[in-house]
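Residue numbers (this note's numbering), protein chains in the order written: chain Y, 1 to 270; chain V, 1001 to 1270; chain C, 2001 to 2252; chain H, 3001 to 3252; chain D, 4001 to 4314.
Just so you know, the hints here were simulated from the structure itself, not pulled from any lab data. Glycine included, each C-beta is placed from N, C-alpha and C at the ideal position. You may find that some hints are simply not true.
Heads up, incomplete: computed chain V residues facing chain C, CB under 10 Å, no partners named [unchecked claim]: (1) Val-1172; (2) Arg-1264; (3) Pro-1267.
A few chain V positions that, by computed beta-carbon distances, are all more than 12 Å from chain Y [to be verified]: (4) Lys-1025; (5) Leu-1032; (6) Leu-1035; (7) Trp-1040; (8) Ile-1044; (9) Thr-1067; (10) Ile-1091; (11) Gly-1158; (12) Arg-1174; (13) Gly-1176; (14) Ala-1178; (15) Lys-1179; (16) His-1183; (17) Gln-1190; (18) Glu-1259.
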Amino acid sequence: MAVEAESAETESRLHRLASRGWAPKALTFVSLLGLLAIWWIAAIIADSRVLPAPPAVLDALHRDAVTGELWFNLAMTLMRVFFAFVTAMVIGSAIGIALGMSASANRFFDPWLILFLNIPALVVIVLAYIWFGLNEVAAIGAIAVNKIPNVVVTMREGARALDPQLAEMAKVYRFGRAKTLRHVILPQLQPYFAAASRSGLALIWKIALVVELLGRSNGVGFQIHLYFQLFDVAAILAYTLAFVVVMLLIEFLLVQPLEARSTRWRPKRA
Amino acid sequence: MAVEAESAETESRLHRLASRGWAPKALTFVSLLGLLAIWWIAAIIADSRVLPAPPAVLDALHRDAVTGELWFNLAMTLMRVFFAFVTAMVIGSAIGIALGMSASANRFFDPWLILFLNIPALVVIVLAYIWFGLNEVAAIGAIAVNKIPNVVVTMREGARALDPQLAEMAKVYRFGRAKTLRHVILPQLQPYFAAASRSGLALIWKIALVVELLGRSNGVGFQIHLYFQLFDVAAILAYTLAFVVVMLLIEFLLVQPLEARSTRWRPKRA
Amino acid sequence: MSNPSKPVRPAGAPSALEVLVRDKRFRGADGVLVHAIDEIAFDVPAGSFTTLIGPSGCGKTTTLRIILGLDDDFAGHIRLPEKEGRTAVVFQEPRLLPWRTAEDNVRLALPDAMESENLDDLFAIVGLSEMRNRYPSELSLGLARRVALARAFAIKPSLLLLDEPFVSLDEMTATRLRQLLVTVWSARRTTALMVTHNLREAVQLSDRIVFLTERPARIRGVEVIDRDRSARDADWRERTVRDLDRRYSGVL
Amino acid sequence: MSNPSKPVRPAGAPSALEVLVRDKRFRGADGVLVHAIDEIAFDVPAGSFTTLIGPSGCGKTTTLRIILGLDDDFAGHIRLPEKEGRTAVVFQEPRLLPWRTAEDNVRLALPDAMESENLDDLFAIVGLSEMRNRYPSELSLGLARRVALARAFAIKPSLLLLDEPFVSLDEMTATRLRQLLVTVWSARRTTALMVTHNLREAVQLSDRIVFLTERPARIRGVEVIDRDRSARDADWRERTVRDLDRRYSGVL
Amino acid sequence: LFAIAGPAGAQESVRIGVLKYGTVNWELDAMTREGLDTAHGVDVEIVPFASEDASTVALQAGAVDMIVSDWLWVSRQRAEGADFTFLPYSTSVGSLMVPAQSEVETLGDLKGKTIGVAGGPLDKNWLLIQALASRDFEIDLSAENEIAYGAPPLLAEKARSGELDAVLNYWHYAARLEAEGFRTLVSGTDAAMQMGTDGPVASIGWVFRDQFAEEHPEAVSGFIAADQATKALLATSDEAWEALRPLMKAESEDAFETLKARYREGIPGRSAEAEAADTAKLYELLARIGGERLVGPSPVLVEGTYFTGEGNGG
Ligand SMILES: Nc1ncnc2c1ncn2[C@@H]1O[C@H](COP(=O)(O)OP(=O)(O)OP(=O)(O)O)[C@@H](O)[C@H]1O
Ligand SMILES: Nc1ncnc2c1ncn2[C@@H]1O[C@H](COP(=O)(O)OP(=O)(O)OP(=O)(O)O)[C@@H](O)[C@H]1O
Ligand SMILES: [Mg+2]
Ligand SMILES: [Mg+2]
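So that you can see chain Y by itself, here it is in the shape it has in the complex (with noise of 0.2 Å):
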């Protein structure tokens, strides 16, 4: 019995060294061969212009990254995204969580939030390119005002969900506001930050796409609608892998070690 259980412990700790070590980066590797796959088996099937098979695409990419057409229409994107993405998180953050913690004002200003969640993206976009004119601000501000309602939806329920014990706890020690925010409210939102920031940077980029495609002369969104128009698919798909592989950096090279920080202190689960 003893015996036993001495392996078992030798065993276990290998296994734990192991799932700190390379293992979660090869898992990620298997993961992204798996899609690789899939996709390659499905366009053999299904033969077809419609679903081009991987070297295609990669054909597709390469041809308008020789040219530089590629990295300059994603980098215009990308900053788009970025001025958007900023934008909306501060203020939607900054509304939900005062309409999260204040029962009248969430009262007073759900029908507004309820409205500004269902104008089409059309809508607000036209609407800021004529007034606004065709130009850089217009266009981020048109994606920004179609994200915030999100942001300010997910951020209300966290805001709702705080704990009240540690807010009382703030106050009687005398917190203030600024440490009660950083140190109190924010880490208890954090999840719901995830989400709003996760989604919402794939909502912002699909926004950017309908934005560029009403009025901007460059970007992502602008070359897929022209690719769309002579239906090369997969010139599309190249630009679409160009953008997705951008946020999979993000994801594992910032946000990933960035959240791991954040939620050290969460007890962890197998």
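Starting from the structure of chain Y, add chains V, C, H and D with the ligands where the hints point.
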């Protein structure tokens, strides 16, 4: 001093009665009036075809309401939104909870999730129409596929923040799978579910607009694009408003009462 | 990460609860190893009542979690008394579902066969009759702890683990609930293991007391009390407590 | 919903903490009214130590919350001892920020002027030297309670409220911490109000003890203890406890 | 080549919003490549967009001076107070296409079929073809068939895959389909002429504000001249087309040739008066079949829709 306190008591009881009775409704009403006023004033100041005043929009609404077109198209869109919403919430929640509870499954599927999050709606919709034909199933499926990754992301954060203490309690008392899900896990996910479904309904409706634009012959999205070609902003706003009204009704008659019931246990705040 | 040395449950009659934890370490969030348990080995004979006493932070709750199968990352071996028996536990915190009323929290723990059990007597004796429909956030801590006790007693367990069950209660209530515990425990052949810091309570309730050292926990000594419970009057209790206090300094 | 009868703070020297709660009811989630406090009125003279003893669920925590200004929906009147003084509280639960280490939890409560205070001695005396960098989820309940105590002591409060501060601690630790409490309390003119179920503890520490009835709470009696703390030996304590137990049945 | 019309030297500039791979851009590309714009005293700046909607937004937002759109839209906007005006650009319009081996020979055979329609239910050509079908064959196309409205590229693809029995698509999609073996059942121009116009009506044209024309008369006249010169060049020179290949993205030589031929067919050749008269006739016809939803509040073509050069009605 005693008198002072006595009167205070009476007053605050009254106050509370009021805030339970007609006050919230009045507040909502004032809020809606405020919105209307802002819109009207903005329209007068802008004085442009691009931002019609409320009467013009009402006219447009009335015009399509008497022909029955409004109702038909609204019904079609609501039908699509409903089915896509249910599909996306069920599938997305299931996947999200699974990923949130298993670190290794999450490590494997995270890249897939990021891919699906970032595939432009256009690509999914076009592929769906091409593969499954120009029909309702393809349309609803395409909407759902667009929304599912967002639900997954939100619910995953919720599942990660689950209280391990309650899970242990459920395990020791042998709640079993069904009981644990229903009484332990889902109530903790309620705020995440609320966030995912509120912003989800809005997102689904926006995607429905694109789906209808690209390949359906009815629905609000179809109408809005028709009017967009004619640049009839009043009609576009009329359809938007019609949908917003439906959403407001759902919010106030369905979601809020349900939510109030399901969060009754939370300590109330001022 | 599962420990292959799973509890081996006997096929037939209940046997003793056997606890052997030869080593338990936690890895802190900052990577530092915390050595919680050095070596603990003791038995709780079937149907007996054992109490665990040790300094705060020495590893008592950890031991209970290991017995419950909530932590299987340890070196050692656990043998549970019964194969099919029900286990009840009173955690150190109430651990109630905040979205369920006091009564529902108790009812949810009932096995299917007992679903429609009449709980009136139980709620009356723990002093919660008026509070059955209250949510946990509307209860004082002492009331919440009583709900947790009611939950453990309601399921008529064959193995009962209690982690400081009677703190935050006034003496009158605590005394009443200790009596209830003895009733529940003796009604069936329940094997019970309780953690407490209250030596008087331990002396009154237990068949044996296991004293633990500071962290990392080792056994400091095991005392068997074979006096009949009815014969444990106030005088005898005070004497025994004093005696134990002399031999195990610092426990009183 | 704010109660207009705001605490009136004196301008100059600290005065007594005056508590008058003439009525306190909660509305439960199901609309039922819970009558928590019927009438409670007592003073805690400036710089004195008062203990509140009452059955579980009678309204002790509610009284503390009212004094702290966390609940202003009551009929009555509170007068705080000092205008600018710091208030520290040990809640019935540890109430630590889970995402901050033990040390950070204490440091965050420090007023700006004390920011870089050396806390080594404090952590040593509460027995947390090794645990300063642990997160709350890595602490046993007893350790977490000690962090909460350290937090209250660290800010050198002029008003100190304690809600069952020494439960879940072994007797040795509890004794050490009671001594620390007396030290902190006597170092400045701290006005202290403690809730406990432990009559021995109350007799040892207090200048006066307020006994409460069952819910809805009323004053059952107030006992003033004017014996010097150094003269309160074990014998005297046992005698006093027994005496009080006779007069207020059920408190021991 | 035409003589240089504009005064050399003082260059006026015109910003024109176009679809990047659209047919208008072919023409403008040829114009600027050959220097025909500067030769006529204007400097054309091409602002590429990814959709037609984008160019109408851009015109209203003042980001471009000129776009290509149709007169129906112009008339409707004028009726609502805008000061847009229209100058014919091309008579090329959509065509209803069926696969080569389809048994559909006339509109009358289109019963119980699936028809794809780009441009939606208010598309001019679709209304005309419906009117024609109902007059000549007494069938109601939209009632007796399954109509799929949708995005032009998607409908083209669906026609190729056979999911649609017939498709009404914009001319360059139709031309590409033609190169792949589809045949024209009826074109929008045919339908209009059968319904009573005298010749092919240029339904799309250059659209700009009256205000722009008043402030920059030389720019407009110079541009008109440059446009005519470019059309003349493209009508005759095959070389000029070679340079356009990258913009046309033709899948095959056949497609390239078909696109070229159809473009040339679409160059308006009639006098402004004949054009305007036919347009008015067509407008009334459309007002009758499309109703107010299509044409807006005005029962007749709004005064000033056609650019005449001398202070438009607005
Ligand atoms: N938010 C609330 N809603 C309804 N009832 C409440 C609420 N808070 C407290 N109560 C009730 O008020 C009474 C007094 O509660 P309180 O927490 O003050 O008790 P206590 O004296 O501190 O008890 P304990 O010793 O168990 O901590 C209890 O019966 C409790 O159930
Ligand atoms: N998840 C964890 N990570 C790191 N250390 C832990 C963890 N859980 C417990 N510990 C440490 O292990 C030791 C034993 O903890 P345990 O909870 O068993 O103490 P305990 O005997 O129940 O104390 P108490 O009487 O205070 O409840 C403590 O020092 C604690 O800090
Ligand atoms: Mg413990
Ligand atoms: Mg209490």
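Against the structure, the hints come out as follows:
1. Val-1172: holds (5 Å)
2. Arg-1264: With a closest approach of 8 Å, the V:Arg-1264 hint holds.
3. Pro-1267: Result: holds, 5 Å to nearest chain C Cβ.
4. Lys-1025: violated (9 Å)
5. Leu-1032: Label violated. Min Cβ-Cβ 5 Å, cutoff 12 Å.
6. Leu-1035: violated (6 Å)
7. Trp-1040: V:Trp-1040 clear of chain Y: closest Cβ-Cβ about 14 Å, beyond 12 Å.
8. Ile-1044: holds (15 Å)
9. Thr-1067: holds (22 Å)
10. Ile-1091: holds (15 Å)
11. Gly-1158: Label violated. Min Cβ-Cβ 7 Å, cutoff 12 Å.
12. Arg-1174: holds (19 Å)
13. Gly-1176: holds (20 Å)
14. Ala-1178: Label holds. Min Cβ-Cβ 21 Å, cutoff 12 Å.
15. Lys-1179: holds (20 Å)
16. His-1183: holds (18 Å)
17. Gln-1190: violated (8 Å)
18. Glu-1259: Answer for V:Glu-1259: violated, closest chain Y Cβ roughly 10 Å.
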